[in-house]
Each structure stands twice: as structure tokens, then as C-alpha cells.
Amino acid sequence: MAGKNCVAIAGDTRFGVRNQTVALDSNRIFKINNRTLFGMTGLNTDILTLRESFKFQMNLYNLEEEREISPKTFAHNVAQTLYSKRFGPYFITPIIAGLEGEDYTPFLCATDLIGAMEFPKSFVVAGTGEESLMGVCETFYKENMEPEELFEVVSQCLLAAVDRDALSGWGSVVHVLTKDGITTKRLRTRKD
Amino acid sequence: MLNEFSNNTISLFLQKKKKKGSFFNFSLTTFSPNGKLLQIEHALKAVESGATSLGIKASNGVVIVTEKKLPTTLIDENSVKKIQKLNDGIGVIYSGLGPDYRVLISKARKKSQQYFKQYNEIIPVNIISRKVAGIMQEFTQSGGVRPFGVSLLVAGYDHNGPQLFQVDPSGSFWAWKATAIGKNSSNSKKFLEKRYKPDMEIEDAINTAILTLKEGFEGEMDEFNIEVGVITNDKKFRILEPEEVKDYISELNL
Numbered sequence: 001m002a003g004k005n006c007v008a009i010a011g012d013t014r015f016g017v018r019n020q021t022v023a024l025d026s027n028r029i030f031k032i033n034n035r036t037l038f039g040m041t042g043l044n045t046d047i048l049t050l051r052e053s054f055k056f057q058m059n060l061y062n063l064e065e066e067r068e069i070s071p072k073t074f075a076h077n078v079a080q081t082l083y084s085k086r087f088g089p090y091f092i093t094p095i096i097a098g099l100e101g102e103d104y105t106p107f108l109c110a111t112d113l114i115g116a117m118e119f120p121k122s123f124v125v126a127g128t129g130e131e132s133l134m135g136v137c138e139t140f141y142k143e144n145m146e147p148e149e150l151f152e153v154v155s156q157c158l159l160a161a162v163d164r165d166a167l168s169g170w171g172s173v174v175h176v177l178t179k180d181g182i183t184t185k186r187l188r189t190r191k192d
Numbered sequence: 001m002l003n004e005f006s007n008n009t010i011s012l013f014l015q016k017k018k019k020k021g022s023f024f025n026f027s028l029t030t031f032s033p034n035g036k037l038l039q040i041e042h043a044l045k046a047v048e049s050g051a052t053s054l055g056i057k058a059s060n061g062v063v064i065v066t067e068k069k070l071p072t073t074l075i076d077e078n079s080v081k082k083i084q085k086l087n088d089g090i091g092v093i094y095s096g097l098g099p100d101y102r103v104l105i106s107k108a109r110k111k112s113q114q115y116f117k118q119y120n121e122i123i124p125v126n127i128i129s130r131k132v133a134g135i136m137q138e139f140t141q142s143g144g145v146r147p148f149g150v151s152l153l154v155a156g157y158d159h160n161g162p163q164l165f166q167v168d169p170s171g172s173f174w175a176w177k178a179t180a181i182g183k184n185s186s187n188s189k190k191f192l193e194k195r196y197k198p199d200m201e202i203e204d205a206i207n208t209a210i211l212t213l214k215e216g217f218e219g220e221m222d223e224f225n226i227e228v229g230v231i232t233n234d235k236k237f238r239i240l241e242p243e244e245v246k247d248y249i250s251e252l253n254l
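As they're listed, the protein sequences go chains A and B. Sequential numbering from 1 applies to the first sequence in UniProt numbering. Sequential numbering from 1 applies to the second sequence in UniProt numbering.
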């Protein structure tokens, strides 16, 4: 979700195989650099593999270009990587959130599993609980929220939505990205 | 029937053996006892006898110029375009063998488009210079090929500001504030050393570049036998029209 010169990205930390919960601490939101956060939902093995793949690409980018990648460029890179596997795709739904340019304009991007990009201005949702998330976010979202308010709204949206979805929950983590840095908070959810 | 069959098989087998390009597995560029790569030295000689090109990096842009000396007036000078764009934001000029230049431009444009497809961003000047230098180096270490007989001047404007790079047949590349390649390059460089100022603006740089070219020019210089390319902070590389070049030349003659 985007606020005023800040973005927040939140997710639950359950890793399960259908109705069996395997892990409670699976982190699916990764920091690319100080301006970009990258979250994925979907098949866990693809999430882990793509995490390593993008870390590889970004390390090379930083060394060759001698600069940090901007969120928009990273989003295009993600879409391109996903489309390159058009006929045997990675089963993930990525979300990129970042602050773009000198004036730290919020940037949000979501793509489908084969790299079709969308650039919403307000919020973006993904995962097994995406329908509930969409509803709650629509209700609670306001424009130009400050970081503290953004954190509250994102937390409440996530908590409300995971309670509605059987396959989500068992703990959650919220990252708020501003020009001063990333604040990470873990929330307690219902353990079912 | 049987003969036809065996003939076809044999010709297919021979076709499969032929690889695209090199028949040789060994490089034609080899070290001499004193540690030099003679083929690259000869390639540099080819560059030195090519038409003069020079470039100047100003504080707010880059200009590259070249002399377009055609062997006879019968050639349609409009069809000869020496300065080429790699993409909207980067222009190139060369000294040396024209056909080698065309091939390099083609490869460089493809690389720059691949980068754009991956990142949706125009390739930075130092990155494309490095890639072109990489291509040129490949041809000094691969089987059955010879080095390229061109040096390139790559001019562009990206997030690091205006930049001018030279790429050599050996595959080395480096950035210049101002330089000349081809015939008369040493005299032109001496001239530029005296005239170059780091805070020069682009208009001043264009005038200086054309003046420097005029110093070593055989015969009368007019708007049809030189080419001028400019990029400023709008990040769009432009090749100047003959009318604009004529204005600059007449300013110098005053």
C-alpha cells in the first residue's frame, strides 16, 4: 500500500501444504536495496529460487553499473524474467513496492505469474486471501497517509483478511519503507 | 537409388561439419616474442590511416565530428552516413574500415535493445562501451577471425552526465574529455589540449570541434564533407542538418 512518500508491504508467515502447516516463520518479503521491497506468494520452491535468482542478478547489476537499481527498473526486470518462462512458468505472484526518484515517489507494481504488469497508485494484493484483502483494503485505504497511519491501516487490513482465509495466518510481518529506512514489525495473529 | 541415397547422406554429413564462420580452431592473433599482438598493432595502423574523427565532452553535452571525404564527386553524399545512433541517447563515430564499423553498429544496437527489453531503461554509455569492447576483444581471441579495423568514439548523456568513450580494436576502452582519432590525430589532440576547458558549454565545444577538424583538413571544408553529431541534457542524440553545419562553419570563417 502507498502513502505519502512511503510504502508498506505486509504478509503472513505461514508455510503450508494444503491443510497441513509446515512452518510458521517463512519470510516471503525481501529487501532488494534501500529503495525497493519485493514480496512473493505462491509455490514456495519458486519463491526461494527466484529470491536467489534476483539476488544474483542484482549483485551483478550493482557491480557492473555501479549504482542501485530503481524500483521501476527492477519491476520490469521481474516481468521479463517471468515471461522468459512463458511456457513453463514460475507459480508465483510478485509484488514490488518502492520509492522512486529524487522525491521518493511511492511506486507499486504487481504482476501475474507470466509477467503482466500493473502499476496501481493505491494498493495491491496477492495470495490465497487476495479477495478478502481486496475488500478490506478498498474500505480502509486513504490517500496521502503518513507512515504511522499507513502501518496501522496495512496491519488492520492484513489481520482482518487472514482471519477470513483458512490457508493464511500463523503470524505476520509488516515492513514500512520511508526515505529514512525500513521499519519492520511482527504482528500476532490467531494461531489457526 | 542407392547411389543417390549415399550421395545425399555424405553431403548432409559434410554440411553438418561446417560450422558458421570459423573453420579454424586456433586464433589468428598470436603473441610475438616481445609480448605484442601484431595483428592488433596492424589494426591500429588501419585506424590511423582512416578519416579523422574527434569528440569533445562539454559541461552540458557531447559533440562528435568527422570528415566525410568521398573519393569522387559522383558519390551521392546523402547516402553516406558515418555518424550513427545506437539508440535515442547514444551516438557513435569511427575511424578505420567502414564495413567493420557497420557490423559493430549492428551488434551494438542489438545489445542495447536487449538491455532495454530487460530493464526498460536506455543502456548507460559506459555499459554499452564495455559490451562493444567485449565484442572487439572476442575477435582477437577467437578461431579464424581477425580484429576489427576501427576505433569508435561513443558519445552519450545518461545518469552520470555527458560522457565520451573511445573503443579500440584490442578491446580496451576508456573515457575522454576530448580526443581525436584517425589521420592527424596527434596534431588535433595537441590543438585540443590547448583549447579544452572543463567548464566549456556545448556551443563552444561544437565550434572548437569544427575548428580543430579544419586545422588538418585537406582542401575546402563545407557542410557536405563533414558530419556533426550532438547530444545535450535532453538526452536525444542529433545529427546536425547541413544547413546548421553551414552556420557553424560560416561563424568560424568570420
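Because the hints were derived from the structure by calculation, they are not lab data. Since the model is a prediction, treat every value here as computed from it, not as a measurement. Please note that a few of the clues may not be correct.
Stated by the list, open to error - With beta-carbon atoms standing in for the labels, derived distance ranges:
id : chain 1 : residue 1 : chain 2 : residue 2 : range
1  : B       : Lys-110   : A       : Arg-51    : 38 to 48 Å
2  : B       : Glu-215   : A       : Arg-51    : 27 to 37 Å
3  : A       : Tyr-83    : B       : Lys-107   : 16 to 26 Å
4  : B       : Val-103   : A       : Phe-91    : 54 to 64 Å
5  : B       : Ser-79    : A       : Phe-91    : 52 to 62 Å
6  : B       : Lys-110   : A       : Gly-88    : 19 to 29 Å
7  : A       : Gly-88    : B       : Asp-199   : 47 to 57 Å
8  : A       : Glu-68    : B       : Phe-224   : 40 to 50 Å
9  : A       : Thr-184   : B       : Arg-130   : 55 to 65 Å
10 : B       : Ile-135   : A       : Arg-186   : 49 to 59 Å
11 : B       : Trp-174   : A       : Phe-87    : 41 to 51 Å
Stated by the list, open to error - Partial selection, computed: residues in chain A whose CB lies under 10 Å from chain B:
id : residue
12 : Ala-23
13 : Tyr-61
14 : Glu-65
15 : Asn-77
16 : Tyr-141
17 : Met-145
For every residue, glycine included, the Cβ atom is placed at its ideal position computed from N, Cα and C.
Results of checking the hints against the structure:
{"no.": "1", "hint": "B:Lys-110 to A:Arg-51: 38 to 48 Å", "result": "violated, 31 Å"}
{"no.": "2", "hint": "B:Glu-215 to A:Arg-51: 27 to 37 Å", "result": "violated, 59 Å"}
{"no.": "3", "hint": "A:Tyr-83 to B:Lys-107: 16 to 26 Å", "result": "holds, 24 Å"}
{"no.": "4", "hint": "B:Val-103 to A:Phe-91: 54 to 64 Å", "result": "violated, 43 Å"}
{"no.": "5", "hint": "B:Ser-79 to A:Phe-91: 52 to 62 Å", "result": "holds, 54 Å"}
{"no.": "6", "hint": "B:Lys-110 to A:Gly-88: 19 to 29 Å", "result": "holds, 26 Å"}
{"no.": "7", "hint": "A:Gly-88 to B:Asp-199: 47 to 57 Å", "result": "holds, 56 Å"}
{"no.": "8", "hint": "A:Glu-68 to B:Phe-224: 40 to 50 Å", "result": "holds, 47 Å"}
{"no.": "9", "hint": "A:Thr-184 to B:Arg-130: 55 to 65 Å", "result": "violated, 37 Å"}
{"no.": "10", "hint": "B:Ile-135 to A:Arg-186: 49 to 59 Å", "result": "holds, 50 Å"}
{"no.": "11", "hint": "B:Trp-174 to A:Phe-87: 41 to 51 Å", "result": "holds, 43 Å"}
{"no.": "12", "hint": "Ala-23", "result": "violated, 34 Å"}
{"no.": "13", "hint": "Tyr-61", "result": "holds, 9 Å"}
{"no.": "14", "hint": "Glu-65", "result": "holds, 6 Å"}
{"no.": "15", "hint": "Asn-77", "result": "holds, 6 Å"}
{"no.": "16", "hint": "Tyr-141", "result": "violated, 27 Å"}
{"no.": "17", "hint": "Met-145", "result": "violated, 29 Å"}
Hints 1, 2, 4, 9, 12, 16 and 17 from the earlier list are contradicted by this structure; the remaining hints agree with it.
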